[in-house]
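One-letter residues, chain by chain:
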Amino acid sequence: MNEKKKIPKTSWKKKDFLGWMIMLPSIILFAFFVWEPLIESVRLSLYTAKGIQTEDFVGFDNYLRVLRHPDFLDALKNTFVYIGWSLVIGFAVPIIIALLITETIHLRSLFRVGVYFPNIIPGLATVMMWGFFFRPGKTGVLNILLSKIGIEGQVWLNNAALTIPLIVIAMTWKSAGSTALIYMAGISGINPELYEAATIDGAGIRQRIRYITLPSVIALAKTLLILQIIAVFQILYEPLVMTNGGPNNASISIMQLVYNYAFRDYKYPMAAALSVMICIVLIILSGIYFKLTTKKED
Amino acid sequence: MKRRTIGLLLCLTLAVGMLSGCKKYDAKSTVDETKPTGEVKQTNTPVPTKEASNPVEEKFQLKLGIWPEDTLTDDIAMHKEFVKTFNEKHPNVEVVPAYYKYSVDTFVPKAESGNLPTIFESWYTEPQKLIAGGFVADITDILQERGWLDTLNPSIRELLSKDGRIYGIPRDGYALGLMMNVELFEEAGLVDENGYPIYPKTWEELAETAKKIKDATGMAGFCLLAKDNAGGWHFSNIAWAFGATFTVDNGDGTFTANVDSAEAIAAMQYIKDLRWKYDVLTPDPINEDWGTGFANLGVGTAAMYIGANDAVNQPTQVNGLPVDKLAMCALPAGPNGAQYSLSGGTPYMFSKDATVEEISAALDYLEIMGKAPVATEEAVAGMKADAQNRVANGVPVIPRFPCWIDQNVLDAEAQIIKDYGNVDTKMFESYFNATKQSGNLRMEEVGSAQDLYAELTKVLQAVVTDKDADVAALMQKADANYQSILDDLYKK
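Residue numbers (numbering that gives the first Met the number 0), protein chains in the order written: chain A, 0 to 297; chain B, 0 to 491.
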């Protein structure tokens, strides 16, 4: 505030007051619904509790218990496997969709709406629908389709090695469209003269993409990459609904562990401890995100 | 300037409006919020109490979380009658229907914000968790005063107690048995000359029976649960028959895990065989839970399923199986003839914020429902109403499990089953005979049963999805995991 020396004191006070008043409702909301619960869960994670009423201070005991729990390593490992697969499967798809649609001449808006369509289906409905697709046995939608062309049915999610990639495919199907829209916006911001010049110089589609489009969206891609990692780190309801973390912990995620502590076992201090750990990781990732985005603005 | 004033005013209005949303509701308006819609509203107003209500007695509300859900119109009609009877004796009590279906997502917020109904039903898994969390009322003294304490079945009492204090009473006792869809047995020709299903007496026979049914009908012979802890819960009962015991009480407040015993491994190998050798399970066991199991049994996509006597409405009323097509037998015996039925009780529990008067009123209401250890005229009328309602909805009227050991009550119940019985008792004979044997009923494992179930469920998931799963290694890992959880819980 003090940096704004150019503005006469009296007037900035008034301006400031109005600003604060405009912010007041959201500050109250933030305080009640974000900051207070955040601080409270840090506090809760350091205590034992009866229900959610804290009892004795135990330091980092809850953290150690969480780290010692047999499911923790599985969940941690899986969370990174989710991130890995989501980058392999999910990262390039929106870029490809965006490129294809921008290169399309006819029916472009139809395709644009089409790829965004899965996004407007409620998340749980999507996940349950894919659950029906991936059902093993004769009643699974994919198996029914495969049987029509004479291919034997698969067990899909029941195959521990395929569980996470299949869940990631379902997630990608749902969210690739919205990310593709962002890329399309980025691509449409590229100066068309560049393309014209390239075309005159005899560049084909492939070269145009390689030398003009991709370099122009690379900064955007970096940002979206970090956002995707942050989002996938918190994956919860997809595995919870599709597999409940199974088979044999093959798809359990860190957030599901939090869910189990809080809602299955009512062990709130443990849930809080794990949440705080997740929070720290996310703060670090967000720090990287901010660094990347500020660089872009420079 | 004017614009700024308007802006300020708008901001203020917004802030004030938002803060007013934080207003604390009084008890009555809270109940209105949780109250089911439509039909139930009518009963929300107290039944007229014109006849000189005692001015000394204070008026209060009894919030019934055990009120039936909206779709069960017959049950609601029955409860309306109960309320009338109740208000004749207690004109000062306003009975408020506050249907609450226990769920782990909503329970704690409701309890902590003081919005729990006076009395509610929970699951058999929950009592110790709810007691530990301090969410439920200690009712020992109230029960003592009523003389109910001594008639409470001791093993069920244990489930609902902590440090000698009691926090709930049983709605029903239960013991696991094997439920059968008789239609599928008939289709597979597995019925005797009188039309009764030829039920399996050992687990080996169950596998063969299941195979015959699968071959003849194409439907699963047996529904195994492997989605959540219910899988481990069922499996523990199967493994007992093979001679396993999963937890050893060391007597000094600590426990030793015994998940990887030869018997337990044999039981798990049996499950693996059900999937890979016999191939008689439903297509996706790792997506089957307590509810889908009953759906499979009820609609006829599985012929056998482990279920308890207090859930006979699930395959029939809920999932449409005709009442005469449900049979139940004792759980099969293991290779050495051992046979157990896991038993427990579905609890009624009481809000920690309920007063002694409110809890007493709730217990009085249970008396009228016929769910209490009294055989008064009203209680018997309540039992009759319940039996009539079951008959009307195609739910088998079979004996309850003796959660109260009061001879008068048992006699009254026996009479009602005689009068209203709507099923052939032979269909349930083996189940009730077995559970009467001494030593047959077995309470769930000590230590930390839910954590044990979680570990067992993971192994179940592995053996039904992986043909090459190494059963012994998986059980050893489960043993180590369970031991580390036990150490964390019981060693400081």
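Since the hints were made in silico from the structure, they are not lab data.
Here the structure is a predicted model, which means the values were calculated and not measured.
One or more of the hints may lead you astray.
Calculated pairs, EDC-like style, for lysine to aspartate or glutamate (alpha carbon to alpha carbon, straight line, at most 16 Å) [what the hints assert, rightly or not]: (1) B:K200 <-> B:E428; (2) B:K351 <-> B:D74; (3) B:K271 <-> B:D352; (4) B:K211 <-> B:D248; (5) B:K383 <-> B:D74; (6) B:K79 <-> B:D278; (7) B:K88 <-> B:E377; (8) B:K383 <-> B:E182; (9) B:K425 <-> B:D323; (10) B:K128 <-> A:D264; (11) A:K137 <-> B:D248; (12) A:K266 <-> B:E377; (13) B:K100 <-> B:E80; (14) A:K266 <-> B:D140; (15) B:K161 <-> B:E185; (16) B:K490 <-> A:D73; (17) A:K49 <-> B:E111; (18) B:K210 <-> B:D248; (19) A:K266 <-> A:E54; (20) B:K128 <-> B:D162; (21) B:K490 <-> B:D248; (22) A:K266 <-> B:D162; (23) A:K266 <-> A:D73; (24) B:K476 <-> A:D55.
Just a sample of chain A residues kept apart from chain B, beta carbon distances all over 10 Å, derived [to be verified]: (25) L17; (26) I51; (27) F59; (28) A124; (29) N158; (30) D264.
Every residue gets a Cβ at the ideal spot worked out from N, C-alpha and C, and that includes glycine.
A quick look at each hint next to the structure:
no.: 1; hint: B:K200 <-> B:E428; in the structure: holds (13 Å)
no.: 2; hint: B:K351 <-> B:D74; in the structure: violated (27 Å)
no.: 3; hint: B:K271 <-> B:D352; in the structure: violated (48 Å)
no.: 4; hint: B:K211 <-> B:D248; in the structure: violated (41 Å)
no.: 5; hint: B:K383 <-> B:D74; in the structure: holds (13 Å)
no.: 6; hint: B:K79 <-> B:D278; in the structure: violated (49 Å)
no.: 7; hint: B:K88 <-> B:E377; in the structure: holds (11 Å)
no.: 8; hint: B:K383 <-> B:E182; in the structure: violated (30 Å)
no.: 9; hint: B:K425 <-> B:D323; in the structure: holds (11 Å)
no.: 10; hint: B:K128 <-> A:D264; in the structure: holds (7 Å)
no.: 11; hint: A:K137 <-> B:D248; in the structure: violated (46 Å)
no.: 12; hint: A:K266 <-> B:E377; in the structure: violated (42 Å)
no.: 13; hint: B:K100 <-> B:E80; in the structure: violated (22 Å)
no.: 14; hint: A:K266 <-> B:D140; in the structure: violated (29 Å)
no.: 15; hint: B:K161 <-> B:E185; in the structure: violated (48 Å)
no.: 16; hint: B:K490 <-> A:D73; in the structure: violated (24 Å)
no.: 17; hint: A:K49 <-> B:E111; in the structure: holds (11 Å)
no.: 18; hint: B:K210 <-> B:D248; in the structure: violated (39 Å)
no.: 19; hint: A:K266 <-> A:E54; in the structure: holds (13 Å)
no.: 20; hint: B:K128 <-> B:D162; in the structure: holds (14 Å)
no.: 21; hint: B:K490 <-> B:D248; in the structure: holds (13 Å)
no.: 22; hint: A:K266 <-> B:D162; in the structure: violated (20 Å)
no.: 23; hint: A:K266 <-> A:D73; in the structure: violated (20 Å)
no.: 24; hint: B:K476 <-> A:D55; in the structure: violated (33 Å)
no.: 25; hint: L17; in the structure: violated (6 Å)
no.: 26; hint: I51; in the structure: violated (6 Å)
no.: 27; hint: F59; in the structure: holds (14 Å)
no.: 28; hint: A124; in the structure: holds (17 Å)
no.: 29; hint: N158; in the structure: violated (7 Å)
no.: 30; hint: D264; in the structure: violated (7 Å)
Hints 2, 3, 4, 6, 8, 11, 12, 13, 14, 15, 16, 18, 22, 23, 24, 25, 26, 29 and 30 from the list above are not met by this structure, while the remaining hints are.
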